[in-house]
Amino acid sequence: MINFSYTRAGSVAEAVGAKSKANGAGRFIAGGTNLVDLLKENVERPRQVIDITRLPLATIEEGPNGGLRLGALATNADTAYHPEVQRRYPALSRAILAGASAQLRNMATNGGNLLQRTRCYYFYDVAMACNKRRPGSGCPAISGQNRVCGVLGTSDQCIATHPSDMCIALAALEAVVRVSGPQGERTIPFAEFHTLPGDTPQIENTLAPDEIITAIDLPESPYAEHSVYTKVRDRASYAFALVSVAALLELDGDMVKSARIALGGVAHKPWRSPEVEALLTGKTATKENFLPVAAALFHDARGYEHNAFKIELGKRAVVRALQLATKGTASIRDVNGQTADA
Amino acid sequence: MNAFSESDTAGGSTMTALPGKSPVKLTINGESTTVEVAPWTTLLDLLREYLDLTGTKKGCDHGQCGSCTVLVDGKRVNSCLTLAIMKDGSEITTIEGLTGKDGALHPMQQAFVDCDAFQCGYCTPGQICSAVGMIKEGHAHSDDEIREGMSGNLCRCGAYPHILNAIKQAYAATEKRTAA
Amino acid sequence: MSALKSIFGKDVDTTSSTYLGKPTSRVDGPAKVTGGAKYAAEFNVPNLLYGYIVSSGAARGTIKSINTAEVEKVSGVVKVLTHENAPKTAYLDSSHRDQLASSGGAPFRPLYKAELEYSSQPVALVIADTFEAARYAASLVKVEYEVAPHETDLRANMGKAHPPTVTRTGYVSAPKKPRGNPEGAYDAAAHKVDVEYSQPIEFHMPMESYASTVAYGEDGKLTIYQKTQGVQNCQEYVCSVFGLSSSDVQVISPYMGGGFGSGLRPTYDIYLSVLAATALRRSVRVSMTRQQMFSFSHRPEAIQQFKLAANSDGMLDAVTHTAIEETSQNEEYLETVVNWSGLLYNCPNVMLSHQLVNLDLASPADMRAPGAVTGLYAYECAIDELAYEAKLDPLAFREKNYAEKDQNEGKLFSSKELREAYRQAAEKFGWSGRPLEPRSMKKGSDLIGWGMASGSWEASQGKAAAKLVLTPDGKLVVSSATSDIGTGTYTVMTMIAAEFSGVAIENVTFELGDSSMVYAPVEGGSWTVSSVGSAVKTVCQELRDRLFKLAGKVDGTPLGDTKIGDVTFANGAMHVTGNPVKNVTYAEALKAGKIDKLELDTTELPQLAKQATHALYSHSAVFAEVSVDEDLGTIHVTRVVSAIAGGRILNPKTARSQIMGAIVWGISMALEEEGMLDDKVGRFMNHNYAEYHIPVNADIHDIDVIFVPEHDEVVNPLGAKGLGEIGIVGVAAAVTNAIWHATGRRVRSLPVTLDKLL
Ligand SMILES: Cc1cc2nc3c(=O)[nH]c(=O)nc-3n(C[C@H](O)[C@H](O)[C@H](O)COP(=O)(O)OP(=O)(O)OC[C@H]3O[C@@H](n4cnc5c(N)ncnc54)[C@H](O)[C@@H]3O)c2cc1C
Ligand code: SF4
Ligand code: FES
Ligand code: FES
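Protein chains in written order, with my numbering: chain A, 1 to 342; chain B, 1 to 180; chain C, 1 to 758.
Since the hints were derived computationally from the structure, they do not count as laboratory data.
Remember, predicted model here, so these are calculated numbers, not experimental data.
The beta carbon of each residue, even a glycine, is placed where N, CA and C say it ideally should be.
Do not rely on the hints blindly, as some may be mistaken.
[As the list claims (entries may be wrong)] DMTMM-like mimics (lysine to aspartate or glutamate), calculated; alpha carbons at most 20 Å apart, straight line:
1. C:K653 to B:E137
2. C:K463 to C:E713
3. C:K22 to B:D114
4. C:K756 to A:D234
5. A:K327 to C:D446
[As the list claims (entries may be wrong)] If you want the footprint, here are the derived chain A segments under chain C, 3+ residues with CB under 8 Å:
6. 145 to 151
7. 312 to 325
[What the hints assert, rightly or not] These stretches of chain C come out as covered by chain A in the derived footprint (C-beta under 8 Å, 3 or more residues):
8. 628 to 636
9. 688 to 698
The shape of chain A in the complex, shown without the other chains:
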């Protein structure tokens, strides 16, 4: 861990100001669960760490147009167990609870969750090359241990995934990220927040270096009755997703009025394909109709030595999630986010 200095921001403006001044060598710290980890790994070597935890951004309140506003500093635990989140956005609650551990969720914040970095083994190991960590050094994951890497939207520079569970649900819900910077406030639609690696894997999102996330707005959702988050992982808990699916259905009887499907564990960003989702519109909610949708979602997927199975697994997980969503949110046995068929 490097010899960084520490400042505690008293206001959003102060935080933004400090970050601008640090000129790329500053980092905000919220829950610290990702940043402190990466500081110890020497992956992050900032000169200044700016503590934003005392900013008044921890509330969860009614948002505009019947939505809900999640403060950037509200913890993952407080968000997941918030009665309005559980009632109106059950897939979000479940996605959060499917991630990390109870201790980590008590610490982790909503803003930090969006900005957590990949768990690619090579990114984490500074003795290894990595285009994301050291642009131009190469990507050993492509021909190395890539079980945790992606199969969709990868590039020949980087095949890393975004590891968040929460973000998968947020993508499906079409949340909006509220940010504040030297130029004032702006909003970023969730689909535009995270980016694909392309030739610049070191860039992971569209937040400017001196911007801070202040809140996440959840629009009103017609999906609460048919919302699931299915996470497939290598052990029953405390493991990142191999593949995860947030599936939201709006049904009219057994007919799909609209569908949202977001995939985790497979790409550099939460993966959505609105065109494919639209294939379900007007169809009955049956396995036969889900299968081609699952296939279409992975049509352009490309597997690597240790993760090619994610393509087949992903398709099956999509079908499973849609089947569970059809049955309805209430029918899912839910053990702290471990969704299982009742």
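Starting from the known structure of chain A, fit chains B and C with the ligands onto it as the hints suggest.
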């Protein structure tokens, strides 16, 4: 954006100088103290290396095992990922603070002994603090929920079934007490 | 029956004992649940320096340069040690061989030479006055390498396999000659299986990382608080490597946060901490990071081939088993892998072979039931395949081929209640309803499968000593330089001492983990209870003899001319059996003898002559149920029943925990553990607890442990076989066999992760 540049590490005197310390006020196991802390000192290292409170364990130092679990303002957290300087003004409870002043074991500690819920004992303080925090959170009622709620605490000795029993025993004892 | 008979008679009857056989809470429990138990990195001696290890990024090659001078400029940094400036230690390789090293070979020496031996080996030690400063400065160390090609891929190097060229304590080499005619029998047989099984590298991963705190005395003496399974092995090693006298080095380890074999041999943290402490004449602590826990020992990867055959009645007729394991370039790590296949079932035709491939990795090390876990995982899966070929229930097949004697050695078993273990476990599990065909059981949409396997482990005893001190306040302190790595040594030794001394258990203290105590072997191999426990028993029996003699000097000689055989020793007093009024307390006896501190010690040797005529093994019968989500491939082990034939169970409470923990290990081995090597860089890439998976609480469901009664007068004076290893042997096979029964898929490589079922 998370553009990274390894040249963020400056050379010269910025490289060789160590960060300054600042006073941090903490209430640890009911006693308030002010300690001089450098920004890079984690709560875990503060407890173990500076305050000789070695009951809190370091299993991984990266949030991956739960050995370092303590209660900060009543909530269970991983002290290895907590910068101590950020907790100015907080109340910290460690395994040492669960034991009564007279040495009496906390019901959770007693239950762990009764149920043989450990072997080497290294994960145990973290398990116990985590269990106490979990019960307070109020989301763990069934066996499955307890197992899931305790999954942030690895036990390489594999004491999990006994940990479950111990938590149920302590839970029952607490409920009896509150009912009485 | 009087307690006396159990002392002098051969029979140790559990029902009549005061403590042995009764479930007893750990005596060290309160210390562990309050945070009072101190582990190696928790001895905060004054003016301590912190050493932070820098690990190599390359596997093979030469260190060209290290920017030591630059790093030493960082405030708080005292020294950076590298191969260039580290003080020289003993020259000969033999001086670096500890008790458990192989007979030849060059044990790894940190900071010794510019040539690299494996990726992640230590290449520098940064020593500073705070942990944080050392860690920071270590991040500034830049090592330049001249990289050379490396080989870490076992499969790619199978052509280089060779038989072991050295020996090692405890290693039993494969029989040189085949038994019978395995090839002919195989060719002629009705049912055959020809399969290959593989198992990846696994890491011990105890929760506590290795750490060494060296307190440097004013007189230059070293007190080393060390995470180890053998304080005396460490002490001898340090003396030998650094040329120190044994009176100047004391190694202390009262608690150990898990070992599982990783701490049997001295680890490189002790080398580095002593190197730094002696070079700087300061107290130093060196701890490994979790990542570095992947850099010094592991269970070796194994590729195993079987040709098994049974005749038309389902009698096992041919076994050919070849195991190829990796080892390092500098040492041949040896564990007994294949001999189990010639032991477990009766078979007239057997050929066994064990070979090694040298790779550019750290030396493997003993890991919980070393060898047996590897060999029997694969063998018990292959046997399951053969049973199915013969259309026999796997349990019926095993019972049919039950071995009444050890055919490898031509000896009878000292005891073997495996048949009873099968019976009890099967009944508890409800095995009798099991359909023979796979894919026959479902629960909701999940496939259900039942599998079973057996296990075996040697019941060995080594030389050990115990010392006791009895004081007039009636307190008894017994000690031996053994360890409690979570196995319950403190508790069981306290029980044995109380049982055989007649001192009430609350007045007995057992001390361990200090090299200055009387001799004990390293804590491993399940031999601690048999070795140290036997010594404790003997020294306590000697105590009674002494006290009885002293009782004759007590005024009025209350015991009269009663023979020792008619005296009961209990609650710190002796009385004429059946007449408690005629008694002498131990305090009175000491006073009469004018003794204010009675000290005795004894060294117990195994009764080799008696033991040599028998085969000494513990056994297990393991039954597992899995449920498999066929679409997603996720596997849950919903139930395990394991019956153990492990001799006499001295403390059922801690014994149960040991077996339960070992079953968790078996589940872990079956489904989760895998050191992921990137052969291109020669490095393990999932070097952390987030990605090297071991089970979490939610992975573990019902586990049922049964101890079947097993009486054994040969194995050692206590009749106990030790339980540290037997619980894991066979578990991975039972789980894997259950997965086959659920799905019809034989996955022949561990771990069985969900992708292998898609
Ligand atoms: C062992 C382990 C297992 C985990 N498992 C999972 C899992 O299964 N699923 C999952 O989804 N996650 C998992 N996580 C990740 C965890 O959810 C994230 O670390 C956490 O959400 C990050 O939030 P934080 O507040 O702690 O972020 P911090 O560590 O404080 O910050 C992370 C990054 O975000 C920046 N940042 C934080 N807040 C803001 C803000 N408001 N505005 C601008 N920038 C900001 C920081 O500068 C930093 O770069 C796991 C973590 C660990 C350590
Ligand atoms: S996949 Fe991306 S993060 Fe991983 S090594 Fe390649 S460039 Fe780095
Ligand atoms: S030491 Fe903090 S989680 Fe492992
Ligand atoms: S008791 Fe040893 S790790 Fe849990």
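Verification of the hints:
1. For the hint pairing C:K653 with B:E137, the CA-to-CA distance comes to about 31 Å; that exceeds 20 Å, so the pair is violated.
2. Simply put, C:K463 and C:E713 have alpha-carbon atoms about 18 Å apart, close enough for the 20 Å limit, and the pair holds.
3. Restraint check for C:K22 and B:D114: the C-alpha separation of about 14 Å stays at or below 20 Å, so the hint holds.
4. For the suggested pair C:K756 and A:D234, the alpha carbons sit about 12 Å apart, so the restraint of at most 20 Å is met.
5. With a CA separation close to 18 Å, the supplied pair A:K327 and C:D446 stays within the 20 Å bound.
6. For the segment 145 to 151 of chain A, the stated coverage by chain C holds: 3 residues have a C-beta nearer than 8 Å to a C-beta of that chain, and at least 3 were required.
7. Coverage of a stretch by a chain is defined here by at least three residues with a beta carbon nearer than 8 Å to that chain's beta carbons; for the segment 312 to 325 of chain A and chain C the count is 6, and the condition holds.
8. Only residues whose C-beta sits within less than 8 Å of a C-beta in chain A count toward coverage, and the segment 628 to 636 of chain C has 5 of them, enough to reach three; the restraint holds.
9. Coverage of the segment 688 to 698 of chain C by chain A holds in this model, with 8 residues showing a Cβ closer than 8 Å to a Cβ of that chain against a need of three.
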